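Participant: In my numbering, the protein residues as written are 1 to 180.
These are computed hints drawn from the structure, not numbers from a lab.
Be careful, since some hints might not be right.
[As the list claims (entries may be wrong)] Quick list of in silico lysine to aspartate or glutamate cross-link-like pairs, EDC-like style, CA-CA up to 16 Å:
id, residue 1, residue 2
1, K129, E167
2, K106, D123
3, K106, D161
4, K180, D145
5, K106, D145
6, K129, E97
7, K61, D76
8, K180, D123
9, K134, D90
10, K61, D90
[What the hints assert, rightly or not] Just the calculated beta-carbon pair ranges, DEER-fashion:
id, residue 1, residue 2, range
11, G94, P160, 21 to 31 Å
12, E167, T89, 13 to 23 Å
13, D174, D90, 17 to 27 Å
14, T173, D90, 31 to 41 Å
15, T92, D174, 34 to 44 Å
16, E167, G122, 22 to 32 Å
Quantities reported herein were computed from a predicted structural model and do not represent experimental measurements.
A virtual CB, placed ideally from N, CA and C, is assigned to each residue, including glycine.
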Amino acid sequence: SFTDPNLPLKTQYWYKIVPVAAAGEGSYSAPVSATTRDTASQDPLDNWQIRTLAQSGNMLKAVTYYNNTFVAVGRDGVIMTSPEGSNWTDQTSGTTEYLYSITCGKNLLMAVDWNGGVYSSGDGFNWSKATPIKHTVNAITYGNDLFVTVGYGGRITTSPDGATWTEQTSGVTDILYNVK
Numbered sequence: 001s002f003t004d005p006n007l008p009l010k011t012q013y014w015y016k017i018v019p020v021a022a023a024g025e026g027s028y029s030a031p032v033s034a035t036t037r038d039t040a041s042q043d044p045l046d047n048w049q050i051r052t053l054a055q056s057g058n059m060l061k062a063v064t065y066y067n068n069t070f071v072a073v074g075r076d077g078v079i080m081t082s083p084e085g086s087n088w089t090d091q092t093s094g095t096t097e098y099l100y101s102i103t104c105g106k107n108l109l110m111a112v113d114w115n116g117g118v119y120s121s122g123d124g125f126n127w128s129k130a131t132p133i134k135h136t137v138n139a140i141t142y143g144n145d146l147f148v149t150v151g152y153g154g155r156i157t158t159s160p161d162g163a164t165w166t167e168q169t170s171g172v173t174d175i176l177y178n179v180k
């Protein structure tokens with residue numbers, strides 16, 4: 001439980017707790033910070049800066065780097081781009097679905113939403129809806145000349161081009177949350 005009265009207890013906040021330290025027998029303490037759509041950029045790796053994004057209220061879920069541009073996706077179909085990680089610009093995704101994951105491969109950016117929606121872009125700025133996947137999707141990645149998605153029921157789909165998807169056998173029925 002949070003006992004600091006100054007900590008905002010709102011559902012649109014992410015709470016990050018690190019590191020945990022022993023505070024006595026049976027109890028622990030940890031610094032807690034709350035953010036909405038803030039991201040951090042490196043200045044080098046041991047010196048991070050909080051950056052407030054132009055559009056507020058939506059959480060970002062994933063980020064990738066493509067063609068000298070950071071591209072982030074998140075709730076309500078938000079897509080944002082930044083050349084250096086400090087100044088972010090909203091892009092039009094064409095959806096209000098929660099974009100869960102993004103990857104790049106074959107000169108394409110591919111983002112997916114939870115309902116199996118797939119969105120593609122050649123530059124990170126202009127997006128179009130691609131062929132949807134017929135199941136719940138949690139993540140997408142690219143490797144070995146294939147786009148790969150994972151989701152509920154142990155489902156895995158692959159695509160050589162981001163347009164035609166083939167379901168693969170995973171051997172499990174558990175939820176697959178991520179793929180790298």
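Participant: If a hint holds in the structure, say so; if it does not, say that too.
Facilitator: Taking the hints in turn, this is what the structure says about them:
1. K129 x E167: It is violated: about 20 Å lies between the C-alpha atoms, which goes past 16 Å.
2. K106 x D123: holds, 12 Å
3. K106 x D161: holds, 8 Å
4. K180 x D145: holds, 14 Å
5. K106 x D145: holds, 8 Å
6. K129 x E97: holds, 12 Å
7. K61 x D76: holds, 11 Å
8. K180 x D123: Given that 16 Å is the threshold and the Cα spacing comes to 22 Å, the pair is violated.
9. K134 x D90: Outside the cut-off at roughly 28 Å; violated.
10. K61 x D90: Measuring from Cα to Cα gives roughly 15 Å; hence the hint holds.
11. G94 x P160: 21 to 31 Å: Distance hint for G94, P160 holds at roughly 24 Å.
12. E167 x T89: 13 to 23 Å: Violated: the Cβ-Cβ distance is about 36 Å, outside 13 to 23 Å.
13. D174 x D90: 17 to 27 Å: Because 36 Å falls outside the window, the suggested range is violated.
14. T173 x D90: 31 to 41 Å: holds, 38 Å
15. T92 x D174: 34 to 44 Å: Given about 35 Å between the Cβ atoms, the range holds.
16. E167 x G122: 22 to 32 Å: holds, 26 Å
Checked against the numbered hints given earlier, this structure breaks hints 1, 8, 9, 12 and 13; the rest are met.
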